[in-house]
Amino acid sequence: MSTLTEAPPPLAPEAPEPKPPKRRGRFMPYWLLLPGILWLLVFFALPMIYQASTSVQTGSLEEGYKVTWHFATYWDALSAYWPQFVRSVLYAGTATILCLLLGYPLAYLIAFRAGRWRNLIMILVIAPFFTSFLIRTLAWKTILADGGPVVGALNTLHVLDVTSWLGWTAGDRVLATPLAVVCGLTYNFLPFMILPLYTSLERIDGRLHEAAGDLYARPSTTFRKVTFPLSMPGVVSGTLLTFIPAAGDYVNADLLGSTDTRMVGNVIQTQFLRVLDYPTAAALSFILMAAILLMVTLYIRRSGTEDLV
Amino acid sequence: MTNKTGPGGDVRLTGIAKTYGAFTAVHPLDLTVPQGSFFALLGASGCGKTTTLRMIAGLEEPSAGTVFLGDQDVTALPPYKRPVNTVFQSYALFPHLDIFENVAFGLRRRGLKSVKKQVEEMLELVQLGEQARKKPHQLSGGQQQRVAVARALINHPKVLLLDEPLGALDLKLRRQMQLELKRIQTEVGITFVHVTHDQEEAMTMADTVAVMNAGRVEQLGAPTDLYENPRTTFVANFLGTSNFIEAEVDAKTGEDIVLKAGGGKLVLPEARCSAPAGTGGKVLVGVRPEKISLTHADDAGEIPEGRNRITGRIADSSFIGVSTQYVVDSPVCPDFEVYAQNIDRDPRLVPGAEVVLHWNPAHTFGLDAAQDADAGVEEAV
Numbered sequence: 008m009s010t011l012t013e014a015p016p017p018l019a020p021e022a023p024e025p026k027p028p029k030r031r032g033r034f035m036p037y038w039l040l041l042p043g044i045l046w047l048l049v050f051f052a053l054p055m056i057y058q059a060s061t062s063v064q065t066g067s068l069e070e071g072y073k074v075t076w077h078f079a080t081y082w083d084a085l086s087a088y089w090p091q092f093v094r095s096v097l098y099a100g101t102a103t104i105l106c107l108l109l110g111y112p113l114a115y116l117i118a119f120r121a122g123r124w125r126n127l128i129m130i131l132v133i134a135p136f137f138t139s140f141l142i143r144t145l146a147w148k149t150i151l152a153d154g155g156p157v158v159g160a161l162n163t164l165h166v167l168d169v170t171s172w173l174g175w176t177a178g179d180r181v182l183a184t185p186l187a188v189v190c191g192l193t194y195n196f197l198p199f200m201i202l203p204l205y206t207s208l209e210r211i212d213g214r215l216h217e218a219a220g221d222l223y224a225r226p227s228t229t230f231r232k233v234t235f236p237l238s239m240p241g242v243v244s245g246t247l248l249t250f251i252p253a254a255g256d257y258v259n260a261d262l263l264g265s266t267d268t269r270m271v272g273n274v275i276q277t278q279f280l281r282v283l284d285y286p287t288a289a290a291l292s293f294i295l296m297a298a299i300l301l302m303v304t305l306y307i308r309r310s311g312t313e314d315l316v
Numbered sequence: 022m023t024n025k026t027g028p029g030g031d032v033r034l035t036g037i038a039k040t041y042g043a044f045t046a047v048h049p050l051d052l053t054v055p056q057g058s059f060f061a062l063l064g065a066s067g068c069g070k071t072t073t074l075r076m077i078a079g080l081e082e083p084s085a086g087t088v089f090l091g092d093q094d095v096t097a098l099p100p101y102k103r104p105v106n107t108v109f110q111s112y113a114l115f116p117h118l119d120i121f122e123n124v125a126f127g128l129r130r131r132g133l134k135s136v137k138k139q140v141e142e143m144l145e146l147v148q149l150g151e152q153a154r155k156k157p158h159q160l161s162g163g164q165q166q167r168v169a170v171a172r173a174l175i176n177h178p179k180v181l182l183l184d185e186p187l188g189a190l191d192l193k194l195r196r197q198m199q200l201e202l203k204r205i206q207t208e209v210g211i212t213f214v215h216v217t218h219d220q221e222e223a224m225t226m227a228d229t230v231a232v233m234n235a236g237r238v239e240q241l242g243a244p245t246d247l248y249e250n251p252r253t254t255f256v257a258n259f260l261g262t263s264n265f266i267e268a269e270v271d272a273k274t275g276e277d278i279v280l281k282a283g284g285g286k287l288v289l290p291e292a293r294c295s296a297p298a299g300t301g302g303k304v305l306v307g308v309r310p311e312k313i314s315l316t317h318a319d320d321a322g323e324i325p326e327g328r329n330r331i332t333g334r335i336a337d338s339s340f341i342g343v344s345t346q347y348v349v350d351s352p353v354c355p356d357f358e359v360y361a362q363n364i365d366r367d368p369r370l371v372p373g374a375e376v377v378l379h380w381n382p383a384h385t386f387g388l389d390a391a392q393d394a395d396a397g398v399e400e401a402v
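Here the protein sequences line up with chains E and Z, keeping their order. With positions in the first sequence counted from 1, the corresponding number in this note's numbering is that position plus 7. With positions in the second sequence counted from 1, the corresponding number in this note's numbering is that position plus 21.
With the rest of the complex left out, here is chain E (with noise of 0.2 angstroms):
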C-alpha cells in the first residue's frame, strides 16, 4: 500500500481540480436512492413489520391484542383455510395459462403483422384501463347473467352439459361458478400479458426469422426454435405479472363467483374487515407471500432466463 500512495505525486501536481466533483460525485447514487428507500420503508417495510408482529399476537377486540409470539395462528390459518390455498392457486394458474394462450397470438400479430394497425391495436389492448376494475368486472356479471345471451348459447351448444360435467359450471348457470371467476381473472390480467410479451417479440429482429427459413426449418419450426425461445423474458414476465396478482385477488371470486369459489383473497379480506381476526388475517397473508415467493423462485429457475437478458 505505501508504495503504492508514493507512486502518483509525479502526477498529482498537474491534476489537483478533479478531486472536488469526484467527492461529490460519490455519495450521489444514495442521494437518488434516498426517495425510493424512504417510500420502501413507509409503505413497504413498516406495514410488513406490523403485519408479522399482528400475526403474532393474541387477544380479542374487547381487551386488545398482544404480541405473544403465538406461531400457532399460522398453522390454525393453514389448516382452516388449505382448500381456499389450493383453488387460489388452481385458479390463478389456470388464468395465466389462458391469458398466454390468448395473449400471445395477439402479442405476435401486434409486432410481426399489425404494420399501420400496430398503434391502434395497441391502444385497444389498454383501452381497458381507462374504467375501474370494479365496473368492468361488474360488466361481466351481465355478460354471464342468467339467461342473458352468453348463456344461452353455451347452452344451445351444450357446452354448458361439458363444463358442468366437469365441475366448472353448475347447470344452468355461469355466474358463481368457477368458469366465471377464472374468466374474470383472465379478462382482468390479459393486458399484463399481452405487454410484456409484445415488448420482448417486438425486439426480436426480422431477419433471424428469415435466417431460420434460409436453413431450412419450416415456419414452425423457426417459432420453435427461434422466435419462442427468444421471447421466453416476455413469457416470464407476462406469466409473473399476471399469476402474482390473480393469485391474491379477491373482486373476481366476489363479484364472480360464490361461497364455493372463494380464494385466500376472499379469506383475509373477511377475516380482516368483518370477522376482525386480524392476527389469521395477518398470519394468511404472510403464508400467501411465501408461498407466491416459493413458486415464482422454482419457476425462474427452471425457465433459465437469466441467459437471455
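Hints in this document: simulated from the structure, not taken from any laboratory. Model, not experiment: these values are computed from the prediction. All C-beta atoms, glycine included, are put in the ideal place defined by N, C-alpha and C.
Which chain Z residues stay away from chain E? Per the calculated CB distances, all over 12 angstroms, these:
hint	residue
1	Asp-228
2	Ala-272
3	Ile-341
Below, computed lysine-lysine pairings styled on DSSO-like, alpha-carbon distance capped at 30 angstroms:
hint	chain 1	residue 1	chain 2	residue 2
4	Z	Lys-137	Z	Lys-102
5	E	Lys-232	Z	Lys-137
6	E	Lys-232	Z	Lys-156
7	Z	Lys-134	Z	Lys-155
With chain E fixed as given, assemble chain Z onto it according to the hints.
Relative to chain E, chain Z alone:
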C-alpha cells in the same frame, strides 16, 4: 436437396424482375452464374443487387421471371426448401444458441442426428474451434462473420449467397476476410454469389463481376475486362477513375479508329470501342489515370512515335507516397487526372508547368458519346 453439386449446377435467372408498386427495383434480368464460380453483384445502394440476391434465396418473390438452380425451377419454392444458404449482412446469428448450435442449425433441421464431427470440421475451417461453446455476442465482429459463413457452408448448398458480408467490419479486417473468403471458396468449390458496393472488394474476390445500376446489369465480365474495357461511363467511373475526351471519328485504318480531338489526333483500337463509330460520328474516348505518362513540354521530342498525346498545364498535384496524382488542365478535357508512380520524379512537374500527356493507344477505350460522362462518379466509393 442433394449434397452433391453435380454438373449443371449453374444459377440461371431468366427475365427475373421485381417491382414494388410503381417502383421497379429490378428490371427483367437474365443472368447465369456458372457452377463453382465466385460471382459478384456490384452496385451502389438501391441498385437492385440485394433484391436480386434475395430472389435467389427465396426471401423475395419475383414479380416476373424464373429462378433455376441447375435444371430445377425453384421460383415457387419457399426458402426452407431451396438448396441455397445465405450469409446475412448483419450475420443474423441466433443469440440464444451457442456457436456450435448456430452452425448445426441447418443440419439439425434436415434431420441429421450426429452433427458433431461435421460442425467441428467446419469450425476448424473458419478457425473457430475454440469458440464452439460461446454465445454470438461474446465474439468479435470478424469472428461472428466467420460463424455466419460456417453456418451457411456446412449445409453444402448449391449456391452460397453473401449479402454485403463484410460491410460491418473495419478496413483491415475486411481485407483479411476477403482473402479468407476467397480461400474458403477455392477450398470448398461451391458457387458464391456476393453482393457488395465496394468495387475493390468485388474485383479482389470475384471471378466474374456484374455491375448493376438502377435495376439493370450494366456490364458483366472478369474484373480486368471490366476495368480495362468498360462499355459504359457508369462502369468506367464506378470501377476506379476515368478521363473522358469527346472526339470525332476521322478515319479507320485497319484495326484502329483515328479520332480528332481539339487540334490533335488520337488512336483507338476498334475492338475496344463499344460505340457505333461511323466517320464523323462522336465518341467518348476514355483512358485510366495510371496509364498516362507525363512529360514536360520541353522534352516533347523524346516521346516515342505511335503514342496518343495531348497537351495541357498542371493545375494541381498531390503527393501520396507511392504515386503522385496530378490534375491537368487540357483544352480537350478540363480535369484530366494522371497518376504517376514515384520512380524518377521530374522536379519541373509542378502546378503551372506545361506538359504533354501520352499513353499507349491500346489502353484507350471508346464509349457512346450520348451518355453522361459523370455517371457513377458519385456512387463510387
